[in-house]
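Protein chains: 2
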Amino acid sequence: MNTKELIKKYREYYKVNEMISNTLSIIGFEDETDAPKKAHKEREEILNYFYMEYFKRTTSNEYLGLLEEMKKHYDSLPPLYQRAVTLDLKDVERDRKVPEQVAKEAQKVMNQSSYYWKEAKQNDDYSIWAPYFKEVIHYSKVLAKYYGAVDNSYYNTYLDMYEEGTSEKELDIFFDKLKKRIVPLLKKVMNSKVNIRTDFLHTRVNKSQQEKLGKLTAKSIGYDFSRGMLKETEHPFTNGLTHNDVRITTHYYENDWTSNVYSCAHEGGHGIYEQNLNKKYEGTSVYGACSMAFHESQSRFFENIIAKNKNFVNYIFPKYKKIIPSTLKDVSVEEFYKAINKVQPSLIRTEADELTYCLHIIVRYEIEKLIFNNDDIDVNDLPRIWNEKYKEYLGITPPSDKEGILQDVHWSTGFGYFFSYAVGNAYSAQIYHKMKEELDVDKLLSEGKVNVIKDWLTKNIYSEARMLSPKELIKKVTGEDLNPDYYCDYLENKYSEIYELEKDE
Amino acid sequence: MNTKELIKKYREYYKVNEMISNTLSIIGFEDETDAPKKAHKEREEILNYFYMEYFKRTTSNEYLGLLEEMKKHYDSLPPLYQRAVTLDLKDVERDRKVPEQVAKEAQKVMNQSSYYWKEAKQNDDYSIWAPYFKEVIHYSKVLAKYYGAVDNSYYNTYLDMYEEGTSEKELDIFFDKLKKRIVPLLKKVMNSKVNIRTDFLHTRVNKSQQEKLGKLTAKSIGYDFSRGMLKETEHPFTNGLTHNDVRITTHYYENDWTSNVYSCAHEGGHGIYEQNLNKKYEGTSVYGACSMAFHESQSRFFENIIAKNKNFVNYIFPKYKKIIPSTLKDVSVEEFYKAINKVQPSLIRTEADELTYCLHIIVRYEIEKLIFNNDDIDVNDLPRIWNEKYKEYLGITPPSDKEGILQDVHWSTGFGYFFSYAVGNAYSAQIYHKMKEELDVDKLLSEGKVNVIKDWLTKNIYSEARMLSPKELIKKVTGEDLNPDYYCDYLENKYSEIYELEKDE
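Top line first, the protein sequences correspond to chains A and B.
Those letters in the first sequence? Residues 14 to 518, by my numbering.
Those letters in the second sequence? Residues 14 to 518, by my numbering.
Mixed in with the good hints there might be a few duds.
Since the list can't tell identical chains apart, any single copy or any two copies may satisfy a pair.
Here are the simulated lysine-lysine pairs, BS3-like style, with alpha carbons at most 30 Å apart [unchecked claim]: (1) 293 <-> 54; (2) 220 <-> 51; (3) 244 <-> 232; (4) 225 <-> 334; (5) 200 <-> 190.
Everything labelled a hint here was simulated from the structure, so no lab data went into it.
Using the sequences provided together with the hints, build the complete structure.
The following block contains the structure:
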């Protein structure tokens with residue numbers, strides 16, 4: 014075959030992979046939103062079936078042979094296909110190491126676990142999930158052994174999967190730097206005499222009003238509803254199927270209405286990334302976000318740096334007021350801005366202010382290390398360990414597992430993801446710093462012109478899709494490697510102003 | 014293989030067929046409800062792909078071989094599998110006559126047509142759909158030629174597919190009988206001096222109130238929401254995937270709120286049938302409704318005989334009043350009962366009263382015969398022919414195609430279905446007649462005890478699933494063959510009372 018024929022064959026094969034994977038997304042999405050609850054088991058069977066079809070296709074001899082053939086013609090392939098074959102071969106070679114039966118069992122465990130995690134959370138009963146969580150830990154280690162350790166660490170295996178080249182060693186240094194600057198800053202903030210009222214954040218706002226607020230927010234930051242949708246799930250997430258189908262979810266708490274607003278900004282940020290990927294890469298594995306930390310950099314960017322920015326708040330607050338006039342009757346824009354940025358060590362990661370957020374991640378990172386570096390971790394000890402770490406880093410103890418170890422969906426299917434939020438935060442501030450050299454961000458936000466910012470991000474980040482590794486991309490966009498100082502500077506500036514702190518010399 | 018092994022193999026094979034067919038339903042359902050409009054093309058590709066996977070599996074040599082092997086062991090099979098192999102072989106042998114390429118093209122045409130039919134209806138522009146409709150006609154004939162004519166008629170091929178043993182000849186007689194009794198009865202009703210007010214049916218009722226009314230109605234007749242869901246689509250339908258997943262849809266017209274109420278009763282009736290099929294047949298082709306006319310007999314039964322019954326109206330009207338108090342402020346239950354049963358020749362089949370309903374079906378039946386019995390029918394003539402027939406049978410002419418030929422979804426994917434509604438009506442009255450010999454239906458309805466009626470239907474009809482042919486089932490349930498006189502008697506009694514007609518001796 015010549016390269017043209019090879020490419021054609023690759024695209025045909027890849028197309029079906031993509032259709033099956035989108036099918037999994039569609040059925041899974043309905044299962045989490047509107048599907049009749051009693052039909053979950055049948056649906057799980059379908060998900061398992063297609064997962065195995067997908068696994069078989071993406072680990073087949075035919076596919077490997079095709080990719081190896083492309084690899085042989087590497088030099089004559091256009092750059093897009095050079096990158097595609099590199100990305101795909103890495104995945105295929107890794108996944109082929111897992112026997113089909115093991116992959117099947119593991120997938121079944123993950124599906125069950127994610128269902129029972131939800132049950133457990135809703136009933137605030139860790140014991141419902143514990144046996145499945147135990148199996149998730151077991152299978153995560155089993156799979157890692159098949160994949161192979163990276164630098165003698167099975168935890169690294171997963172870290173590298175989410176963010177090429179990331180390791181425990183690197184993250185230990187990264188988190189250390191964050192701790193060194195965030196912990197003292199937090200202490201100063203907590204000692205500040207500034208009083209921030211938040212009563213109006215906890216007035217009851219009904220679902221239909223909340224839906225309007227969420228949609229307005231997502232739309233105002235640039236999420237395109239004609240190529241997406243918003244639904245409610247237990248845990249908010251984004252599902253990017255194709256350029257034209259990028260769906261986001263939120264969760265409505267009647268007595269905490271800004272939770273939904275900033276969930277919509279967060280998932281909207283993920284959605285904006287997916288909606289603005291470079292179309293010319295569609296139909297290949299290059300079409301997608303650069304890495305999960307880059308993905309989180311965009312969700313965190315839109316949730317915090319944009320949606321909680323003073324100038325943007327000035328712009329959007331009157332619109333919120335129109336939707337819930339009685340709730341915001343006596344509230345000034347200044348009061349609102351301070352309320353949504355109030356620092357308060359708390360139990361729930363997704364609700365955390367920007368300053369304490371990374372401490373939540375550190376808790377999870379340390380527990381994941383513990384799980385991977387101990388062969389005989391007892392799943393029944395983990396709620397206690399969780400609570401102890403919250404006491405240590407945030408000074409508070411969850412009164413129940415619902416507000417403790419059960420709060421996040423992630424561990425219901427595996428490990429190694431959480432650091433992406435913290436690295437994402439750091440990326441977002443580093444990118445923001447660069448962006449401000451080129452755009453008058455404050456002015457744009459005060460005028461509601463977020464589309465100019467979106468265009469800048471599209472040009473610099475989204476259009477690259479997966480052509481570059483995360484380390485290459487951050488360097489290309491900002492001119493340097495990941496540097497958490499930008500994030501710490503950003504936090505210091507923002508909170509010094511809000512809490513009227515004296516800056517260190 | 015012994016029969017036990019054969020059965021095991023059959024169930025395994027059938028399971029995957031079922032999963033793929035349910036996947037088609039889930040993706041198709043989302044496409045018609047919540048999926049981003051711009052993602053339709055990608056979704057169509059997925060539907061086409063799985064349709065072909067389904068086609069390949071259900072026409073494969075492997076499947077045929079398995080069924081033929083079962084056929085050889087027919088006498089030693091349990092009755093369930095005897096029936097399953099009979100039903101499946103009929104389908105497989107028919108479908109295998111169609112070359113894969115033709116099946117693929119036909120399916121693509123149907124998918125496109127159903128999309129552009131919706132566009133055409135929404136824009137009231139027949140020309141958007143016409144080229145696709147032409148292709149539907151073409152492919153329906155092409156497929157029928159592969160399937161083979163029944164009694165020299167390709168139209169019979171489709172009639173028999175929907176209702177085993179039904180033919181043009183039989184239906185001509187059936188419709189003649191209906192015409193002979195309905196047309197004079199309608200004339201009498203139209204000459205009656207009884208005045209029925211309907212102003213309150215056209216007061217604006219918003220979507221969220223309508224949703225409550227629809228859900229209340231469906232629930233009150235016995236549809237189980239914990240194993241289903243209600244959404245809005247252009248044309249209401251029911252989708253039965255499994256015992257636990259039977260979804261219904263409706264359409265909200267703000268100035269015609271009872272349209273939604275009785276759509277929910279209609280689709281609820283379909284849903285009740287699907288939700289109460291005999292579980293022991295699951296996993297085989299015997300699991301399903303007996304025939305489409307039987308399906309419609311249940312939807313029409315719950316929509317009309319139950320939901321528009323005087324005693325049921327007495328029971329539910331106060332509940333409607335609670336949801337829309339201002340709309341029903343000055344309305345008596347008697348006025349409401351008469352309004353929803355008012356006879357008025359009209360343009361839209363789904364909105365038609367019970368008396369004129371069958372005339373709408375006759376129009377469609379005659380046009381279908383025309384299409385199949387003419388080789389050179391011009392698709393551009395059909396709106397005119399449609400309008401002429403409405404003038405002939407109902408005395409009115411549609412002012413636009415939206416209220417004419419574009420109103421129904423059915424022809425967007427094929428022909429031969431409509432008669433099921435009329436035969437369904439006849440079945441429903443015949444079954445009702447039998448039911449009243451055993452149950453005090455009026456008393457049950459006035460007390461809202463529809464579950465007793467549902468249980469009777471479950472025992473007599475739903476539990477049979479597809480074990481019997483429709484002709485066998487109607488005989489088993491009522492002791493005689495299809496007899497439209499019961500339906501005509503029912504209409505005569507009901508409308509004589511409402512319109513104070515003198516009965517013929």
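Which numbered hints does this structure break? Result: no hint breaks.
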